[in-house]
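Number of protein chains: 2
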Amino acid sequence: MDKTEKQLNEQIIYSGKIIKLHLATVELPNGNEAFREYVSHNGGAAILAIDSKENIYLVKQFRYPYREEILEIPAGKVEFGEDPKSTAIRELSEETGFIVHDLTEYGVIYPSPGYTNEKLYIYFTKVEERHNIHLDADEFLDVVKMPIEEAFDKICSGVIKDGKTVYAICRYMSERCRK
Amino acid sequence: MDKTEKQLNEQIIYSGKIIKLHLATVELPNGNEAFREYVSHNGGAAILAIDSKENIYLVKQFRYPYREEILEIPAGKVEFGEDPKSTAIRELSEETGFIVHDLTEYGVIYPSPGYTNEKLYIYFTKVEERHNIHLDADEFLDVVKMPIEEAFDKICSGVIKDGKTVYAICRYMSERCRK
Numbered sequence: 097m098d099k100t101e102k103q104l105n106e107q108i109i110y111s112g113k114i115i116k117l118h119l120a121t122v123e124l125p126n127g128n129e130a131f132r133e134y135v136s137h138n139g140g141a142a143i144l145a146i147d148s149k150e151n152i153y154l155v156k157q158f159r160y161p162y163r164e165e166i167l168e169i170p171a172g173k174v175e176f177g178e179d180p181k182s183t184a185i186r187e188l189s190e191e192t193g194f195i196v197h198d199l200t201e202y203g204v205i206y207p208s209p210g211y212t213n214e215k216l217y218i219y220f221t222k223v224e225e226r227h228n229i230h231l232d233a234d235e236f237l238d239v240v241k242m243p244i245e246e247a248f249d250k251i252c253s254g255v256i257k258d259g260k261t262v263y264a265i266c267r268y269m270s271e272r273c274r275k
Numbered sequence: 097m098d099k100t101e102k103q104l105n106e107q108i109i110y111s112g113k114i115i116k117l118h119l120a121t122v123e124l125p126n127g128n129e130a131f132r133e134y135v136s137h138n139g140g141a142a143i144l145a146i147d148s149k150e151n152i153y154l155v156k157q158f159r160y161p162y163r164e165e166i167l168e169i170p171a172g173k174v175e176f177g178e179d180p181k182s183t184a185i186r187e188l189s190e191e192t193g194f195i196v197h198d199l200t201e202y203g204v205i206y207p208s209p210g211y212t213n214e215k216l217y218i219y220f221t222k223v224e225e226r227h228n229i230h231l232d233a234d235e236f237l238d239v240v241k242m243p244i245e246e247a248f249d250k251i252c253s254g255v256i257k258d259g260k261t262v263y264a265i266c267r268y269m270s271e272r273c274r275k
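Residue numbers (the numbering used here), protein chains in the order written: chain P, 97 to 275; chain Y, 97 to 275.
Treat the hints as calculated values from the structure; they're not laboratory data.
Keep in mind it's a predicted model, so treat the numbers as computed, not measured.
Keep in mind that the hints are not guaranteed to be accurate.
Selected chain P positions facing chain Y (in silico; Cβ < 7 angstroms) [stated by the list, open to error]:
1) E123
2) G127
3) F194
4) P207
5) C273
6) K275
Each computed DSS-like pair below joins lysine-lysine, with the alpha-carbon atoms no more than 27 angstroms apart [what the hints assert, rightly or not]:
7) Y/K275 - P/K149
8) P/K116 - Y/K250
9) P/K113 - P/K181
10) Y/K156 - P/K99
11) P/K222 - Y/K156
12) P/K113 - Y/K113
Glycine included, each C-beta is placed from N, C-alpha and C at the ideal position.
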């Protein structure tokens, strides 16, 4: 049975730097009306970089909505008209210094489908091991090198909790297991 | 070095049914000012239910922000003052009919830390296999039973893309591999 909600009316009540806020009235499959509020976003791209010793490279940054510093794989907003793959390559370079060309697609994830339409493009890439990671790269961001097994343990202990990051690490671990 | 962004001022410009929209001015570690826009949310809880034959139970529902039906593990919004574990148990029961008591914690995930403060509490539970799943439970939601290996293949082929769902499935696959 068709479960489509038909748009009856919709307006954007806030248009900001990275998000817009939409309010809509929809017709449900049973004919009733319902209210929907959601955020639109141009999309993001993120990349898991792993070296031959199975170290991964994370960034630690302060995230104002949570008022805390969290560990994430390098990521950024897809600019208007930009190919998400280019975003991932650019963000990896800007945040860690790695220059890469060959990416494996880890799919598109929908971070919280109840109230955002953001699409997050996830990639995986192999890099050469680096020893001279600037552990205090700039005032806003640290680069953290970590064996992927340790990263997985940090997911299990609740230290790593960013959605795209926990997915990418567990996806890698699952695929490695199957091979 | 401390990377904290200090709140200079902040206001809520929209207060809706499930989200609020906040605009803030913050002081960066270097003393400059920056603008932050983000959504606040009371949090969600989600649960991966797996039976002795390693089938998992997903729900398929229309998500208006994406204008498409997507597959997700059972989940819902944490009500004010509610324990997320109770939310997960309630949503699993409402959406699939399974009554469970013993949950394993899969941690808290931050779905998109750039612009939302939502915390998503993820659980795992074992259930008895069910054969009489209503494949068209109601007008708004279908329950889909699927071997977890097939679900993982559907992540790799891009069919399953909900963030909490891809994490929970890959987390299970990774842990199973380590045992």
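Determine which of the earlier numbered hints do not hold for this structure and return their numbers in increasing order.
Failing hints, ascending: 1, 2, 3, 6, 8 and 11.
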